[in-house]
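Protein chains: 4
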Amino acid sequence: MAPHNDSSPAGSFTNGFNKMAFQPSGSSTLTVEDLTAELGSSYDSSSLDAPISHVKRPLIPGVYVPTMCFFEKETEDVDTVTIARHAVRLARAGVTGLATQGSNGEAVHLTHSERQVVTATTRKALNDAGFSHMPIIVGCGAQSTREAILLCRQAWKAGGDYALVLPPSYYAPLFAPSSQTILEFFNAVADASPIPIIIYNYPGAVNGMDMSSDIIVQLAQHPNIVGVKLTCGNTGKLNRVAAATRKLAKKYDPKNPDFLVLAGSADFSIQALAAGGHGILAGLANIAPKACIQTIELWNQGKHTEAQEMQEIVSQGDWTAIQGGVVGVKAGLEEWAGYGGYCRSPLPRPTAEQSKNWKDGFKDLMMLEKSL
Amino acid sequence: MAPHNDSSPAGSFTNGFNKMAFQPSGSSTLTVEDLTAELGSSYDSSSLDAPISHVKRPLIPGVYVPTMCFFEKETEDVDTVTIARHAVRLARAGVTGLATQGSNGEAVHLTHSERQVVTATTRKALNDAGFSHMPIIVGCGAQSTREAILLCRQAWKAGGDYALVLPPSYYAPLFAPSSQTILEFFNAVADASPIPIIIYNYPGAVNGMDMSSDIIVQLAQHPNIVGVKLTCGNTGKLNRVAAATRKLAKKYDPKNPDFLVLAGSADFSIQALAAGGHGILAGLANIAPKACIQTIELWNQGKHTEAQEMQEIVSQGDWTAIQGGVVGVKAGLEEWAGYGGYCRSPLPRPTAEQSKNWKDGFKDLMMLEKSL
Amino acid sequence: MAPHNDSSPAGSFTNGFNKMAFQPSGSSTLTVEDLTAELGSSYDSSSLDAPISHVKRPLIPGVYVPTMCFFEKETEDVDTVTIARHAVRLARAGVTGLATQGSNGEAVHLTHSERQVVTATTRKALNDAGFSHMPIIVGCGAQSTREAILLCRQAWKAGGDYALVLPPSYYAPLFAPSSQTILEFFNAVADASPIPIIIYNYPGAVNGMDMSSDIIVQLAQHPNIVGVKLTCGNTGKLNRVAAATRKLAKKYDPKNPDFLVLAGSADFSIQALAAGGHGILAGLANIAPKACIQTIELWNQGKHTEAQEMQEIVSQGDWTAIQGGVVGVKAGLEEWAGYGGYCRSPLPRPTAEQSKNWKDGFKDLMMLEKSL
Amino acid sequence: MAPHNDSSPAGSFTNGFNKMAFQPSGSSTLTVEDLTAELGSSYDSSSLDAPISHVKRPLIPGVYVPTMCFFEKETEDVDTVTIARHAVRLARAGVTGLATQGSNGEAVHLTHSERQVVTATTRKALNDAGFSHMPIIVGCGAQSTREAILLCRQAWKAGGDYALVLPPSYYAPLFAPSSQTILEFFNAVADASPIPIIIYNYPGAVNGMDMSSDIIVQLAQHPNIVGVKLTCGNTGKLNRVAAATRKLAKKYDPKNPDFLVLAGSADFSIQALAAGGHGILAGLANIAPKACIQTIELWNQGKHTEAQEMQEIVSQGDWTAIQGGVVGVKAGLEEWAGYGGYCRSPLPRPTAEQSKNWKDGFKDLMMLEKSL
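Chains as they are written, first to last, in my numbering: chain A, 6 to 377; chain B, 6 to 377; chain C, 6 to 377; chain D, 6 to 377.
Simulated from the structure, these hints should not be mistaken for lab results. Just so it is clear, CB atoms sit at the ideal spot from N, CA and C, and this is done for glycine as well. There's no promise every hint is true.
[What the hints assert, rightly or not] Below 25 Å or equal to it, Euclidean Cα-Cα: the simulated SDA-like pairs (lysine to any residue) are:
#1 B/K368 with A/K308
#2 C/K361 with B/S184
#3 A/K256 with B/T310
#4 D/K295 with D/A249
#5 A/K252 with B/Q313
#6 D/K361 with C/I220
#7 C/K162 with B/V113
#8 D/K78 with A/D196
#9 D/K252 with C/V113
#10 B/K162 with C/V113
#11 A/K308 with B/V113
#12 C/K162 with C/G135
#13 D/K162 with A/D82
#14 A/K255 with B/T310
#15 D/K260 with C/E314
[As the list claims (entries may be wrong)] The following residues of chain D were derived to be distant from chain A, with all beta-carbon distances above 10 Å:
#16 G67
#17 I187
#18 H309
#19 S350
#20 S360
#21 M372
[To be verified] Sample of chain A residues lacking proximity to chain B, with all beta carbon distances greater than 12 Å (derived):
#22 H117
#23 M214
#24 Q316
#25 E339
#26 P355
Please model the complete structure; the sequences and the hints are all you need to start from.
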């Protein structure tokens, strides 16, 4: 759970927990050169001796977008211009925050260095466009504890505010029973990370490993673990987690909960809210951010019937996004927003006919999006 | 979709669809002897020449219970006394309907003959206690089309009103692509069954086979397919199915929809309702029917906050039921209601310590149940 | 492990083990009428009071065939004429034994009654053609202990000599840890079955459940468990099981081992023999029995190079059989042997083009088969 | 398939295939500093302009070891001293080659830089101990084509001779049908890699993706794809692949085949040889190299009975290795050879009792090993 925003981290955490260091106000510009110099000193702890300051960008309820990562069509190099453009478009649409290097962000196709470039580019674009308050979540999962911690540090240096962490899974058959290894992993990363952790439960990405509500609630008690993204779609589990973590707080504030519970897909937005969830971190918002935002707004305003009508259109559009994944959503973006490009090889590039199918699959959703 | 209740089946169905025959008014008593005589004539089609009459027990929104099947502790023979007692207890608690031979009903542990005894016993008990209006759904899934049809006929003869049908899965790698084999299976069974079909989507029970919203909506267009139970927990899919099937109806009546969409677990009751679902068919209602019913009632009355408070207790209790399955729920019933017994071998019988754990796991839920 | 053939069962088995009753010499004719009369008395134990006699048909190394089950093209009724014809063709080709109701035998598409008809038909056909010495193995797996025992008894009454038993899997998440439930299941069935048990390890058919060499070796110590069929393809496991069970015997006779270890597919025949296995129980032998037999014969005669040359042709043909499963093998039989028919619905019926592909896929193998 | 050793690469390969560049004789020393300088120029193609020379280290039949990677107990930093010691011990035991960064080598726990350190350390240690002829295979699988190519280049620079490549799997649901994406991936990597590729088929490590014999044989036709490691354990597939690739060669030489087929575990060594395989690339050889070598030697000398006796001991020891994975094998090494240490976090460190169990599990195997 996160400490109150105004408390000094010193002395208020569990043993072994590093002083939290945050980006000092204003100095949020990182260049690629800065990052390259960083590489040789991945294990250098001196970088942690930044002045302790308040969290500048709280993690509040709303719509978060796991941003796609864009590449030049010829070279497949990272296309920072489009990354910046996309981030600003989403910010202007009214999203609450962005997440780089999620599954939608082709994290597994990027080197550590490229990951930092993506995050830094996003941070700079947001700041330059007047959104310096908008938080950035960064995907930092890895198979080893040390690499996960390294990614958290690199994310912080590149401008990230929170780390989204999948559990390790490659050697799952060798893990200690009763999720002991998973608990140790998350606690160790949370102890060492300069930015707070959001647990990422996505069995499909980790060979079927599914963290139960019990495990998530247990982890939620670490001061540096502040939320969960549930892509498993299990709204019963979401309900258990939201209820239990709400009760853990001394004073629960639904507008600024200590532990944020996010649904991992737009097709269960209002279902998640009904179950006590706080919002979504969903790929569909890359292509239809306003529709995602408005659905949740209407529900929160008590306009349930209107929210349900909008949710139906969103759910049908999300079905296209689910089937197409990063390939289909990029094709949809290209067709409807004029940019998108392709995923890195070996992912296939849609034929003209396939692109048209993706376009049609998003049509009703985009009609709604344009009307908002 | 089901035809309107007052229309003559003649001429209003697709080609190849058998005349539907229903239980004539009043004559709903079937004895075990009747059933034994039945066995030799499984393929005798003359039994279908019953007079056509109206559906006496409509499938309306509410809480349905996939009843557990009870066995004598010593012999493991079917315990008809407890089956009857349990059915009446649930009916008096206010459930909308019962389902025999679901996963909770240990269908895979019963012979065809025993299945019919269970259904007939349930029908008789309900009738004798004044619940002759209450519909019974019967699990009728099988690997071959002909056996599924046989089970539907046997279910009808035993007093069942609807058939709950899983897709076949054993030879799934040999099925035709694009779900063609699944579509053919369901259409063939729906064509031949004397009772309407409810599709059962439960990937965990069928080697991972997961029917998409597209397939379910396509099947919903058969006049003799009248609903779906979604145990996959995917409320995005539920939303798509509810929306599309609602639009298929000439005149949608939320109190009596043509296609009933049911959630397969109590821990996503209000989430399902928010998404357009009509109720639940959930194992937890075996042990806490009133809590399940009241949660849904409060939501439907617009008392969302109270419904959410109750849903939290239900979800935590459902977590115990999910972990324990038929073994844990029977132990919970035994501890809290004084009956339950054991599952058929080889399922383990809980030790005293394990039974206590199951008891504790249901405690908060049962405190709520007793207060209603 | 099986007791020596000449020892009286009385007094030489573990507690609780029923007197074994065997088919009395000569009276091996069972009619369909006999079987129908049987149905009402499934749990009648008086049928076990048959006189104790010696095992007439030992389970020796060689090629066993899990026979396909044939159906009339129009009605899908069991086609006993073709079943009989097929059995005799295989016997004349020189196989060591047949197995009814395996995966190839569409057991999941048959009622208990039909299963017995298939086994009885096979027994009669073999006897009438002069193969009364040939053993029949019968698939008897079920989800409940009592149904597995019932199937073993029905198999024995229908003329079966051995029961091939899969572990239960439907409620696997509820099983006791350390394979305890599996061990109890197999011991209980072995205690009660009038015919000896062969363990069937086929993870693909039971939701991924894979029995380890440790479990199989432990079960092999029951006097009424006499072999294992390994369809998992794990020849390391096969090596461990063959080695450990060989050492359990007082006096190991490779021509008549106490515990028979069979490979579940023809494409690893000589590999299995190299690893200490005793033969195969493989679907490919339905279509190319002589090729399967000769491959093993050559290896056993020490003609390894010739055996390896033949194995290559067999493995390539087996690849077609593996891809096509029961659908492809029936098509191959129809094309190459003039009979085969179709699988029961909902399994697809191949188009003319698909049938031609199956035919071509078996061509080299059939050229070899015809040359033998 | 690999070109003959004495042919000039120029002009003899498919379009788009880069000039192959090999390590010049003698200059095989790479320091960590060399490697650090490398990092900034990952995409710099000038490094490919090395003089073309002959392959110095052919890939011949035998026993290859996927070496474990060793870490300091306190810091978890890479322990180059032990890596070097281990490599030399294996070389002196008589293995044919080593493989770094396989699953046993905790590749997923290493940064790109550390991977190169491991390979370079291994190369240097072998050279210094007089084994400069011994080939090193390096694990180079990745999710994107470009990173796989990068890893191949880094492996070559660090002293690797061959690249062992898993197929990508993270976005498998989005891949083109008929394995098209997999074929494109391998062909693109093979086109660009300065070292030849060995296909790695290990479904357990890639979310169940299993490449068929058809796909492997098709890929084998690329001049820069020279072998396959089959960890799937399917010796039927191995037989098909060995047969088909043997027939592709103009002139097959069993002592130096164009396409090397290796079994991925020691418990099916002789089974693989019987099926046409050329050897093993197996983790057990980390702890018992001589036993693995001798088993294969005896078989190749025609001493089949002795080979089978030794295979049984090897298979039982391999069962311990399979269950323990990298955790259990390191514990076994520590107990039996005096070094091993631990796996990187979050993998658990065995308790004293667990270590003793691992020790006992390897006992018979180690008695055999010490006797050789």
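Query raised in the report: Can you name, in rising order, the numbers of the hints this structure does not satisfy?
Result: Violated: hints 1, 4, 9, 11, 17, 19 and 24.
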